[in-house]
Amino acid sequence: MTKRLFLLVSIIMIASMVLSACGQTAAPFTCSDSIGCVTVGPTDPVHIVYLLVVAGPSADLGIDARNGVQIAIDDAGGKILNHSIKFDGVDGGCSAEGGQAAGTQLAADPTIVGVIGTSCSSEARAALPNLSKAGFVVISPSNTAPSLTTPGSTDNYGTAYDRTAHNDNFQGTAAAEYANTVLKVTKVATIHDGSLYASELVKVFAAKFEAYGGTVTEQTSVQIGQTDMSSVLASIATGSPQLIYFPIFNPESTNIINQAKTTPGLEHAYLMSADGSFSPAVASGAGANIEGVLVSSPAVSGDAYNAFLAKYEAKFPPGPINIFHAHAYDAFNILKAAIEKVAVQDSDGTLHIPRNALRDAIRNTVNFKGLTGTLTCNETLQQSGITIKFPGDCSATGMAVWQYHNVPFKIFTSPEVVWIQGTGVIKPVTPP
Amino acid sequence: MLRTLRQRITLTDIVIWIIGLAIAGVVIFGTIRTLELHLYTGGGWIDLTIKGLALGGVYALIAMGYTMVYGILKMINFAHSEIFMSGPFTAVFVALGLSNSGFLDRQPVIALIIITLVSAAVSMVFAILLERICYRPLRTAPRLVPLITAIGASFFLQYMFRGLFGSQSRGYPTINALRGAWTFFGIQVFKVHAVVIISAIVMMLVLYAIVQWTKIGKAMRAVSEDKEAAELMGIDVDRIIVFTFALGGASAGIAGILYVILFPIVNFYMGFFPGIKAFTAAVLGGIGNVPGAFLGSILLGLLESLGPNLFLTGLNIPSPSQLKDAIAFIVLVLILIFRPTGILGERIAQDKA
Chain A
1 MTKRLFLLVS
11 IIMIASMVLS
21 ACGQTAAPFT
31 CSDSIGCVTV
41 GPTDPVHIVY
51 LLVVAGPSAD
61 LGIDARNGVQ
71 IAIDDAGGKI
81 LNHSIKFDGV
91 DGGCSAEGGQ
101 AAGTQLAADP
111 TIVGVIGTSC
121 SSEARAALPN
131 LSKAGFVVIS
141 PSNTAPSLTT
151 PGSTDNYGTA
161 YDRTAHNDNF
171 QGTAAAEYAN
181 TVLKVTKVAT
191 IHDGSLYASE
201 LVKVFAAKFE
211 AYGGTVTEQT
221 SVQIGQTDMS
231 SVLASIATGS
241 PQLIYFPIFN
251 PESTNIINQA
261 KTTPGLEHAY
271 LMSADGSFSP
281 AVASGAGANI
291 EGVLVSSPAV
301 SGDAYNAFLA
311 KYEAKFPPGP
321 INIFHAHAYD
331 AFNILKAAIE
341 KVAVQDSDGT
351 LHIPRNALRD
361 AIRNTVNFKG
371 LTGTLTCNET
381 LQQSGITIKF
391 PGDCSATGMA
401 VWQYHNVPFK
411 IFTSPEVVWI
421 QGTGVIKPVT
431 PP
Chain B
1 MLRTLRQRIT
11 LTDIVIWIIG
21 LAIAGVVIFG
31 TIRTLELHLY
41 TGGGWIDLTI
51 KGLALGGVYA
61 LIAMGYTMVY
71 GILKMINFAH
81 SEIFMSGPFT
91 AVFVALGLSN
101 SGFLDRQPVI
111 ALIIITLVSA
121 AVSMVFAILL
131 ERICYRPLRT
141 APRLVPLITA
151 IGASFFLQYM
161 FRGLFGSQSR
171 GYPTINALRG
181 AWTFFGIQVF
191 KVHAVVIISA
201 IVMMLVLYAI
211 VQWTKIGKAM
221 RAVSEDKEAA
231 ELMGIDVDRI
241 IVFTFALGGA
251 SAGIAGILYV
261 ILFPIVNFYM
271 GFFPGIKAFT
281 AAVLGGIGNV
291 PGAFLGSILL
301 GLLESLGPNL
311 FLTGLNIPSP
321 SQLKDAIAFI
331 VLVLILIFRP
341 TGILGERIAQ
351 DKA
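One line per chain: the protein sequences are A and B, in this order.
Per my numbering, the very first residue in the first sequence carries number 1; after that it's consecutive.
Per my numbering, the very first residue in the second sequence carries number 1; after that it's consecutive.
Errors might be hidden in some of the hints.
What the hints assert, rightly or not - Covered stretches of chain A, going by a simulated chain B footprint (3 or more residues, C-beta under 8 Å): (1) 46-53; (2) 214-223; (3) 227-236.
As the list claims (entries may be wrong) - Covered by chain A, per the in silico footprint, the following chain B stretches (three or more residues, Cβ under 8 Å): (4) 39-51; (5) 190-203; (6) 313-322.
Unchecked claim - So these bits of chain B aren't anywhere near chain A, every CB distance computed over 12 Å: (7) Leu96; (8) Arg139; (9) Leu147; (10) Ala209; (11) Tyr259; (12) Tyr269; (13) Met270; (14) Ile343.
Hints in this document: simulated from the structure, not taken from any laboratory.
Keep in mind that this is a model prediction, so the values were computed, not measured.
Cβ coordinates follow ideal geometry from the N, Cα and C atoms, glycine included.
Model the full structure from these sequences, guided by the hints.
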């Protein structure tokens, strides 16, 4: 009995020593990141979320981006470092209120590694305080308001935020260049809707247009949700502008397109919106009035993009419903590459992702080969005296002007590219 | 004499008069300054007036539902805005079908009548269901109860449509026959506005004729005057109330089609603002009074259309169009301060308030 007891005690002691020795060879991971780490268990998925507008009048913008991410996940085999990917998210409503609510909701989930979003700049401004505080990294495929990356701006949340979409300093400059040098108009009017995106974009457009020697006859605004545009259009008509630039969203942009046709004095004015109105909802809402309407938006092309487009059309027929799907694809891949770079993996497969290191890795992305071009996130670029890229702006796309026709929405058909900045006129447009 | 006057006029009255005069002064000053600037041509003002009349016509048809229900039941049917939305929202599928088949372009008049009938029928059915399910069981309840129920029913209908058809806007097909303009006596009138104004006037006359000159209209007025006495005279009050809701609903459905002729987009929340405006117009004209609702609606439409450009441009206020609702509601407040019963509401107020 004593011998058996002695043998049992000995076995327990030896086993304890062996186990202790094993423990010493693989020291447990200690998180030294300044804002913490995300630990993903051996069988747990890497949790990436979207904060996009996927419901309501501007839903095309967010659904298109979400589709782009889903194709990127497919192309990655559904895995990051052998962990499956959990991709879900919330609707931000393309509004400050929606962004704030969605940001608060997401910030309560510590499993989230990164956020693809937001769709609209106003959403971002309202969501970023919470998302940044929670330690997340946010990459937007379609925010374009300059203040989100302008150094010193109160809307700039440093390395917590990057975007693959262009900066509107770039878009506004390109749109003004097209209006002045290609359409040869000398008088324009602008309309914004009070959103961060639209108000900043018209400001850049108007400044650049005036720098070309043109006249801005009126800079006015409409309310989000406004249906009757008669008085604002009547006011604009008094200045006899040759072009109206209204970078706003559906349904307000659709209402302007429809009602401009029944405003005396504006029958022959060019109507030009921007990427916020790049949507089947605008085309169907405007019906026959859509013919000839212009939109400034990024130019996307190339073999890789064409291959992606085929996948998109197969997975989400009939095809893209906005312009930021490729930017979303790139946003996911930049995030994935950064996770793969900074994550520490235990022998059992557990992943430790240091949050601040992840932010830095994204910000230090250089020459990343994406669908939209070669992306670099930490540079400052100038064009004609205007800064078109700040750190945080990863975008590589050029700017283009597209034109709608009175046929069902299909990217490259309606709207079709009529001008690319730096390349020139692809197709001349007929004056209205 | 002076003492009597002092007793009749309170300090509040004086303050209200001062505020009213100050607002009137700003409006007059702004108007003069705007006209001095010569920014708008005569044609521009006429165009805005025509648009205001068209908008007012639509408000008038919606306001009929509010005012008739108030006349009969003394309740504000806040779900009427969703009854207005339900018609054109459903008829858009018929319109798209007719457009895709080419029938809309081949036979625009017949197609438009079909779309209008569908819209009117759907709105009417919802109005009747609302009365039967939500209001009839509460007819003897305190007045606040059906009011709150109406607000609840309004949200229910809104989110039911959102759940069934999604939250995105849908475009109405363009009616090619309504593109372009006609010229009357040298004045250019866009076809859409002309059709809406004429249709609204015809519909208002039909509604007025029904209320004034038909047997059932007489019964409606009788129920409106005194429900119990009407019942004693052999009038089926329930049937009259259902008819009132049906008439108001059909009117709202027709207004919905006129609205989408002007603004060819539908979504589940499209009824909210026109509903509020029509209610405002009904109060402006004197709630419960049919000609008052028409007058109030036309006035509101004109104020919304002309007000921002006429009153505010000369004051150098940026983006005056954003203040059109503010202008309309300030006028409403002023009219209610100086004439609490609305423009034509005196008799109704005395008899039923």
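Here is how each hint holds up against the structure:
As drawn, the segment 46-53 of chain A meets chain B at 0 residues by the rule of a beta-carbon pair under 8 Å; below three, the given contact is violated. With 4 residues having a Cβ less than 8 Å from any Cβ of chain B, the segment 214-223 of chain A passes the three-residue criterion, so the hint holds. Figure legend: the segment 227-236 of chain A, annotated as covered by chain B; annotation consistent (8 residues with Cβ-Cβ distances under 8 Å, at least 3 required). Against chain A, the segment 39-51 of chain B contributes 7 residues with a C-beta closer than 8 Å to a partner C-beta. That satisfies the three-residue criterion, and the hint holds.
Judged by the Cβ-Cβ criterion of 8 Å, the segment 190-203 of chain B is covered by chain A as claimed, because 3 of its residues qualify and three suffice. Note: the segment 313-322 of chain B has 6 residues with beta-carbon separation from chain A under 8 Å; the three-residue rule is met and the coverage holds. A Cβ of chain A approaches the Cβ of B/Leu96 within 12 Å, the least distance being about 9 Å, so the stated non-interface status is violated. Remark: the non-interface label on B/Arg139 is consistent with the geometry, its nearest Cβ contact in chain A lying 35 Å away (cut-off 12 Å).
Every C-beta of chain A lies more than 12 Å from that of B/Leu147, the closest at about 25 Å, which supports listing it as non-interface. With a minimum CB-CB distance of about 30 Å to chain A, B/Ala209 clears the 12 Å threshold, and the non-interface call stands. A beta-carbon of chain A comes within 12 Å of the beta-carbon of B/Tyr259; the shortest separation is about 9 Å. The Cβ of B/Tyr269 sits about 8 Å from the closest Cβ of chain A, inside the 12 Å cut-off, so the non-interface label is violated.
A cut-off of 12 Å between C-beta atoms contradicts the statement that B/Met270 is not in contact with chain A; the least separation is 8 Å. Distance check on B/Ile343: its Cβ is at least 23 Å (rounded) from any Cβ of chain A, clearing the 12 Å threshold; non-interface status holds.
Comparing the model with each numbered hint stated earlier shows that hints 1, 7, 11, 12, 13 do not hold.
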